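Participant: Next come the chains, spelled out residue by residue.
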Amino acid sequence: MTASAAALLPLPVAIPLVVCAAMLATAHLLPGRLPDILATLAALAVAVLCAVIARHAAEHPLVYWFGGWEPHDGVHLGIGFSVDEASGWVAAFIGLLYAVTFVFAWGFFGRTHGHFHILMLLFLAAMVGFCFTRDMFNLFVWFEVMSVAAFALTAYHLEESALSGAINFTVINSLAGFLMLGGIGLIYARTGTLDFEGIAAAVARSGRDPVVAGAFCLVAAALMIKGAIVPFQFWLADAHAVAPSPVSVIFSGSMVSLGLFGLAKLSAVVFGGSDQLRHALPLLLTALGGGTALLGGWMALLQRHLKRMLAFSTISHAGIMLTGIGALSADGTGGMLVYLVGHGLVKGALFMVAGILLATRASIDEIALRGLGRGIGPAGIAMALAGLLLCGLPIGVLDQGTRLVQGALAQQGRGMALAAGAIGAALTGAAVLRAAGRIFLGLGPDPGDEAGAPSADEREKANRPLWLMLAPCCVLLALDVALPADLIEHAVPRAASAFLHRPAVAALAEGPAWLPWTSLTAALAGAGYGLFRRRLPALVVRPVSVTQSAPTRALEVLHSGLIGDYAAWLAVGVAVIAVVLGLA
Amino acid sequence: MSMLPYAVAAWLFGIGLYGIATSRNFIHLVGCLGICQSATYVLLLGLGYRWGSIAPIFYDHPPGTPAVDPVMQALVLTDIVVGATLTALLLVLTIQAYKRGGSLDPEILRPMRPGGQPDRGASRADDGERTAP
Numbered sequence: 000m001t002a003s004a005a006a007l008l009p010l011p012v013a014i015p016l017v018v019c020a021a022m023l024a025t026a027h028l029l030p031g032r033l034p035d036i037l038a039t040l041a042a043l044a045v046a047v048l049c050a051v052i053a054r055h056a057a058e059h060p061l062v063y064w065f066g067g068w069e070p071h072d073g074v075h076l077g078i079g080f081s082v083d084e085a086s087g088w089v090a091a092f093i094g095l096l097y098a099v100t101f102v103f104a105w106g107f108f109g110r111t112h113g114h115f116h117i118l119m120l121l122f123l124a125a126m127v128g129f130c131f132t133r134d135m136f137n138l139f140v141w142f143e144v145m146s147v148a149a150f151a152l153t154a155y156h157l158e159e160s161a162l163s164g165a166i167n168f169t170v171i172n173s174l175a176g177f178l179m180l181g182g183i184g185l186i187y188a189r190t191g192t193l194d195f196e197g198i199a200a201a202v203a204r205s206g207r208d209p210v211v212a213g214a215f216c217l218v219a220a221a222l223m224i225k226g227a228i229v230p231f232q233f234w235l236a237d238a239h240a241v242a243p244s245p246v247s248v249i250f251s252g253s254m255v256s257l258g259l260f261g262l263a264k265l266s267a268v269v270f271g272g273s274d275q276l277r278h279a280l281p282l283l284l285t286a287l288g289g290g291t292a293l294l295g296g297w298m299a300l301l302q303r304h305l306k307r308m309l310a311f312s313t314i315s316h317a318g319i320m321l322t323g324i325g326a327l328s329a330d331g332t333g334g335m336l337v338y339l340v341g342h343g344l345v346k347g348a349l350f351m352v353a354g355i356l357l358a359t360r361a362s363i364d365e366i367a368l369r370g371l372g373r374g375i376g377p378a379g380i381a382m383a384l385a386g387l388l389l390c391g392l393p394i395g396v397l398d399q400g401t402r403l404v405q406g407a408l409a410q411q412g413r414g415m416a417l418a419a420g421a422i423g424a425a426l427t428g429a430a431v432l433r434a435a436g437r438i439f440l441g442l443g444p445d446p447g448d449e450a451g452a453p454s455a456d457e458r459e460k461a462n463r464p465l466w467l468m469l470a471p472c473c474v475l476l477a478l479d480v481a482l483p484a485d486l487i488e489h490a491v492p493r494a495a496s497a498f499l500h501r502p503a504v505a506a507l508a509e510g511p512a513w514l515p516w517t518s519l520t521a522a523l524a525g526a527g528y529g530l531f532r533r534r535l536p537a538l539v540v541r542p543v544s545v546t547q548s549a550p551t552r553a554l555e556v557l558h559s560g561l562i563g564d565y566a567a568w569l570a571v572g573v574a575v576i577a578v579v580l581g582l583a
Numbered sequence: 000m001s002m003l004p005y006a007v008a009a010w011l012f013g014i015g016l017y018g019i020a021t022s023r024n025f026i027h028l029v030g031c032l033g034i035c036q037s038a039t040y041v042l043l044l045g046l047g048y049r050w051g052s053i054a055p056i057f058y059d060h061p062p063g064t065p066a067v068d069p070v071m072q073a074l075v076l077t078d079i080v081v082g083a084t085l086t087a088l089l090l091v092l093t094i095q096a097y098k099r100g101g102s103l104d105p106e107i108l109r110p111m112r113p114g115g116q117p118d119r120g121a122s123r124a125d126d127g128e129r130t131a132p
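Protein sequences appear in the order of chains Y and V. Note that numbering that gives the first Met the number 0 has the first sequence beginning at 0, numbered continuously upward. Note that numbering that gives the first Met the number 0 has the second sequence beginning at 0, numbered continuously upward.
Source of the hints: derived by calculation from the structure; they are not laboratory data. If you're wondering where the values come from, they're calculated on a predicted model, not measured in any experiment. It is possible that part of the hints are untrue.
Which stretches of chain V does chain Y cover? Using the computed rule of at least three CB atoms under 8 Å from a CB of chain Y, they are [unchecked claim]:
| hint | stretch |
| --- | --- |
| 1 | 15-25 |
| 2 | 76-90 |
| 3 | 99-107 |
Anything over 10 Å on all C-beta distances counts as not near chain V; from chain Y, calculated [what the hints assert, rightly or not]:
| hint | residue |
| --- | --- |
| 4 | A21 |
| 5 | W105 |
| 6 | P377 |
| 7 | A512 |
| 8 | V579 |
From the three backbone atoms N, C-alpha and C, an ideal C-beta is built for every residue, glycine too.
Construct the entire structure; sequences and hints are all you get.
Facilitator: In structure tokens:
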């Protein structure tokens, strides 16, 4: 049974690639909505197959060697896929997110000869391959395929903002690819193999080795660029804000968190045997993650362009996921994996609401949209619910992930990272709730600092019925809220231990129950301040706006949209990682 | 083992990054990105090279003759393909951005402007950008 399940492993990558190639060859012949149907079915097939694979991988990881090139006497010549339960479920989630997004984008791109679907299917295949592979170079190839598809999708509209956002995205992520390749070259030179297990064994033997640390530094920097961790986060706000809304759903829901998924896998499985890295990583990752959570949350609160605000919110949540990885424990990693799925569901739904506003109200600017959402109440309810979930409403998958991450951090006494994560979540929740109140209830006539934030008007086609756009959004939120908690509670300890290649643990620690409520209260207070600023006594408003304005302007200046600044920050970030690893 | 290839690779990456950081022209910037990528070629070839060995083609050599590492050469080949894709894509984006923004300067072609205001410098009357109220 397991042998036949292992034979399934290439299919979730092969199916989208084959459908994509067939569509490319016959695009000019395909009638009307056939590309939509084919793409949705392909994504659904990927989701189902990955779920089947994940169920079979629950006992022990499934391994597939392409062309039957199995390792002999510890020499790995072939390229393999190796899927543990967690990787399988993450891939299944990604397939599902794509299927829902294809429904959301039904007919969105009009007569484009299915180019959108072709790029998206390529993107999907790359993501699944990235989850499944057990070969460093193969990982790099999927990383690059993912990047190239993403670059093209960002610039899809060929408008000026979209083009310059896409150029920034392309340059920074290409640099990430080069760093990663350099790191892979170094680790291959030291260990003589590209297979995860082979490298792990060699790293565990090598002891303190600057080449291993250097290789990890380069690969980790590349994955953190993908994962939008401070100071590599600049590209994300540009790219997610200008990409078409269905593409942003995928970017925020899965691409960014997949970078962190790769980092979790590599730091635990491949480089886990190095004592030097084990000492340096908790501090490095929790500090960067905490900083990212705070910066992303603060910036989100200051935006008026909805998609840009959601992009900063994604940065903040990526930071929280990184603190989970930084715990280097089954609790933290398990929490991060659950968080990845929960965040993808909620953030996907939020970008769909932004897409609905773009299509039906022809604007994406929070202040311009004030009160215009009154006719589409269900979208407002979805947005408010998603905002509450983001900042810690204690139901659903995202909340479960949050509590696991917080539990892991609390156990290791990392109070700073814990607080930063809670504050970051509260800030992004406040931003989303403020926007929901302003757009759908017409509150907040008097904008604060967000009035000066960057914005650009754009439009998306209003050729779809509201229910067709709203249904996928509600499906995502319903999945987040309604997935049975005990099922996850039961599966996560086992899956997280298998993911980390460690003996299974019985149960995972959870964070204090009051913490999500605190975040939620803080978020409501923040949103209330933004909306009712005019009615509050000057005694409250003045000190807040004074302390808010100066750091705000400084941060806006940093996020300049200039590619040169981003490259300089990239060099700083790589240097910081190198110094921390070198001092350990 | 000579340190020279590694020093050259680091230097190439450094000057490429410096070029990107200071560039005022997107085509120049794409060239700088290419220089950063050459750093990876040099690094990988340097890692795979063995003194006094043949190319890993055994057609006219007996098997077992010392050869340079073919895996590294495969990596470099893939890297070159990736590089060609990226350069082509970036140049296409640059051309399209020039058509719409009338400039190749990153300072002028920023993704968004404060308060949604149209930029002053470029001729962008026809792109549908609207001043926010």
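Participant: All hints are to be evaluated individually against the structure, with a verdict given for each.
Facilitator: Against the structure, the hints:
no.: 1; hint: 15-25; in the structure: holds (count 6)
no.: 2; hint: 76-90; in the structure: holds (count 7)
no.: 3; hint: 99-107; in the structure: holds (count 4)
no.: 4; hint: A21; in the structure: holds, 22 Å
no.: 5; hint: W105; in the structure: holds, 25 Å
no.: 6; hint: P377; in the structure: holds, 26 Å
no.: 7; hint: A512; in the structure: holds, 41 Å
no.: 8; hint: V579; in the structure: holds, 19 Å
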